[in-house]
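Peer 1: Here's the letter readout for the chains.
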Amino acid sequence: MASMAKAQSNGKIKRLSSEELAELLVPAVCKTPAEKRAAIKRATTGLRANVRVTRDMYRPR
Amino acid sequence: MSPPGGRRLVVTRGVFAIEDQELLLPDPIALDTSFVVEALLTTQPLHGVCSALFNRIGESDATVVTSDLLALELAESAFAITLKERWGGRWRGHRTDGRSRRPVTQRLNHTVTRYEALLSSVTHLPIPVRRIITEARVLMSDYGLASYDAAHAAGAIAAGAKAMITLDTGFALLPASLLTVYTDRSRLASCRKKRPRGQR
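For the record, the sequence lines run as chains X and W. Position 41 of the first sequence, counted from 1, bears residue number 41 in the numbering used here, the numbering being contiguous throughout. Position 1 of the second sequence, counted from 1, bears residue number 1 in the numbering used here, the numbering being contiguous throughout.
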C-alpha cells in the first residue's frame, strides 16, 4: 500500500506523512476551556467498578 | 538543574512521573488504554492523578494520539468488569452466559459515552491498526514488545508523538530515543530498568 509508512530494518519507524495525519485528525468538539473542563468532568465522574481493573482484563500478553 | 547535594543523579532513561506537576506535555502526546481506564473509572487507584493529567492535556491544546485498539480494549474492560463483578474469579468461563448480556451492554454504553466525552475535549488523532502493522512487527522483533503494546507504540511513533502516557511497563522496552514513557511513580524504577542499555 503506497500510503502506508514503511518500517526500516534498524528499528526506526517512518512517520505518517502530514497529509495522512491531516486525513485522520478529528478536531475537538469543545472550543472553549469551560466546555473542555465540563466534558472532562462528565467523562471522569460517575463510572465505578466493584473490582479492580487490571491489564489482563483487556489486553492479552 | 543540579541534583540535591549528596544524592545520586537520577538517570531518567526517558521515563517520567505523571504525578509531577511540572511535567512537560509534548504535542502530540499518545495515550495508552491503561491510562484512559484509570481516568474514566473513579474506583481505580490512580483515578485522581490520571483525570487531573487529562485536564492538563485539555488545557494545553495538545493533540491526543491513540491506537484504534484503545476503543476496543475499553469495550473489553467493560465486558470483563461486569463478568468479574458477577462471577468473581470464574468470570472468564461466563463470557457467553446470556444472563450477562444486559448488564454488559449497559456498562459498555456508559463507558463509550464517557470516552466520547473525553475525546470531545481534545483534538484526536486515532491511528488505524492497518496503517502500522509493519511497524508494529518491527517493534516486536527488535525490542520484544507484545503485539498489542507494539500496535499502540507504533501508532504513537508514526504519528510523531514524543511521549506515551501509560501505566504499563511494557513500553519501556523501547529505547528512549523512540518514545518517552510517562507513568506513575510506582512504576518509574521498573520502567527505567527495562530500558535497553547502550541506547538513549
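The hints are simulated quantities; they were obtained by calculation from the structure and are not laboratory data. Note that the coordinates shown come from a computational prediction; the quantities given were computed from them, not determined experimentally. Idealized CB from N, CA, C, for every residue including glycine. Any given hint could turn out to be false.
Here are the simulated distance ranges between beta carbons [said to hold, decoys possible]:
1. X/R37 to W/T96: 17 to 25 Å
2. W/P128 to X/K41: 24 to 32 Å
3. X/V26 to W/R95: 18 to 26 Å
4. X/E19 to W/H94: 24 to 32 Å
No farther apart than 35 Å at their CA atoms in a straight line, the calculated lysine-lysine pairs in the DSBU-like style are these [what the hints assert, rightly or not]:
5. X/K14 to W/K193
6. W/K162 to X/K14
7. W/K162 to W/K194
8. X/K41 to X/K31
9. X/K14 to X/K31
10. X/K14 to W/K194
11. W/K194 to X/K31
12. W/K193 to W/K162
13. W/K193 to X/K31
Peer 1: Taken at face value, is the distance from the CA of X/K31 to the CA of X/K41 at most 35 Å?
Peer 2: holds (15 Å)
Peer 1: I want to verify a distance hint. Is the separation of the beta carbons of X/V26 and W/R95 within 18 to 26 Å?
Peer 2: violated (32 Å)
Peer 1: If I claimed the Cβ atoms of X/E19 and W/H94 lie 24 to 32 Å apart, would that claim hold in this structure?
Peer 2: Since X/E19 and W/H94 have Cβ atoms about 47 Å apart, the given range 24 to 32 Å is violated.
Peer 1: Between the alpha carbons of X/K14 and W/K193, is the straight-line distance 35 Å or under?
Peer 2: With a Cα-Cα distance of about 27 Å, the restraint between X/K14 and W/K193 holds, given a limit of 35 Å.
Peer 1: Would the pair W/K162 and X/K14 pass a check requiring their Cα atoms to be no farther apart than 35 Å?
Peer 2: holds (14 Å)
Peer 1: Using the beta carbons of W/P128 and X/K41, state whether their distance is inside 24 to 32 Å or not.
Peer 2: Since the Cβ atoms of W/P128 and X/K41 sit about 30 Å apart, the hinted range of 24 to 32 Å holds.
Peer 1: Straight-line Cα separation of X/K14 and X/K31 no greater than 35 Å?
Peer 2: holds (32 Å)
Peer 1: Keeping to a limit of 35 Å between CA atoms, is the pair of W/K193 and X/K31 held or broken?
Peer 2: Roughly 41 Å between the alpha carbons, so the hint for W/K193 and X/K31 is violated.
Peer 1: Quick one: are X/R37 and W/T96 within 17 to 25 Å, going by C-beta?
Peer 2: This hint is violated: roughly 41 Å between Cβ atoms.
Peer 1: Checking one constraint from the list: CA of W/K162 to CA of W/K194, max 35 Å. Satisfied?
Peer 2: holds (18 Å)
Peer 1: Would you mind confirming whether the straight-line C-alpha gap from X/K14 to W/K194 stays at or under 35 Å?
Peer 2: holds (24 Å)
Peer 1: Starting from W/K193, check that the Cα of W/K162 is at most 35 Å away, please.
Peer 2: Distance of about 20 Å is within 35 Å: holds.
Comparing the model with each earlier hint shows violations of hints 1, 3, 4, 11, 13; every other hint is respected.
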